[in-house]
Amino acid sequence: MQQSELQKELERFRDFVINEAKKNLIRGKKNASKGLFESLRGNVKAMPNSFYMDFEMSDYGKFQDKGVKGKNPNALPKESKNYGVQKAPNSPYKFGTGSGQKGGLTRSLDKWIIRKGLAPRDKDGKFMSRKTLKFLMARSIYFSGIKPSLFFTTPFEKAFKMLPEELVEKFGLDALNLFKQTQFKNEKK
14 MQQSELQKEL ERFRDFVINE AKKNLIRGKK NASKGLFESL RGNVKAMPNS FYMDFEMSDY
74 GKFQDKGVKG KNPNALPKES KNYGVQKAPN SPYKFGTGSG QKGGLTRSLD KWIIRKGLAP
134 RDKDGKFMSR KTLKFLMARS IYFSGIKPSL FFTTPFEKAF KMLPEELVEK FGLDALNLFK
194 QTQFKNEKK
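First residue of the sequence shown? That's 14 in our numbering, and the numbers climb one at a time after it.
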């Protein structure tokens, strides 16, 4: 496979992954702020005996894709919908592995609640305090986790299956190792 053919094939791979990941965000209703959607990018470079590939996305994209393991779902009240439900038992991420910003989850929830129109109002339509709603949502997320969406992983694996056999053999690729070796750059906004 010539270098120019390899470059075109890698660009096709990148474009497919990014386009499908964006579609998955929309389908999965994970596009409220459009920040993650707009941050998805990829770079590829073919060289005579190797290639380079990286994908960029907002920092929280990896948590949306792989989910986040909850601290202890049994700590929720028994009447809670998520009592005893670990949403991401196999996730490599757990609370405390993020940016470490105190109050980051409740701050993000506040914005999300407003965007989704979930901000509670009284009978006259006036805004009421969102403090209780944020607390209940944050507690549920902290203890039961965030379910994996696989918005990125699924198209990546699908694109890998579509790679030409010659490319896979030449570089001795397998999907899991290619995914692990792919560099992810976090785009800060």
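Think of the hints as simulated: they come from the structure by calculation, not from any bench. Quick caveat: nothing in here was measured; it's all calculated off a predicted structure. Incorrect hints may appear among the rest.
[Unchecked claim] Using 20 Å as the maximum straight-line C-alpha spacing, the simulated EDC-like pairs for lysine to aspartate or glutamate come out as follows: (1) K171 / D28; (2) K21 / D123; (3) K79 / E178; (4) K36 / E51; (5) K79 / D67; (6) K35 / E69; (7) K183 / D72; (8) K124 / D72; (9) K47 / D72; (10) K171 / E22; (11) K58 / D137; (12) K144 / D123; (13) K174 / E51; (14) K107 / D137; (15) K35 / E18; (16) K79 / E92; (17) K47 / E33; (18) K75 / E170; (19) K43 / E33; (20) K58 / D72; (21) K47 / E22; (22) K58 / E179; (23) K147 / E92; (24) K47 / E170; (25) K35 / D72; (26) K174 / E22; (27) K82 / D72; (28) K35 / E170; (29) K47 / E69; (30) K35 / E24; (31) K36 / E18; (32) K171 / D72; (33) K21 / E170; (34) K174 / D67; (35) K36 / E69; (36) K35 / E51.
[Unchecked claim] Just the calculated beta-carbon pair ranges, DEER-fashion: (37) E18 / N44: 30 to 40 Å; (38) I127 / L186: 40 to 50 Å; (39) Q20 / K91: 56 to 66 Å.
Note that beta-carbon positions come from the ideal geometry of N, C-alpha and C, so glycine has one too.
query: So which of the earlier hints does this model not fit?
result: 2, 3, 7, 11, 13, 14, 15, 16, 20, 21, 24, 31, 32
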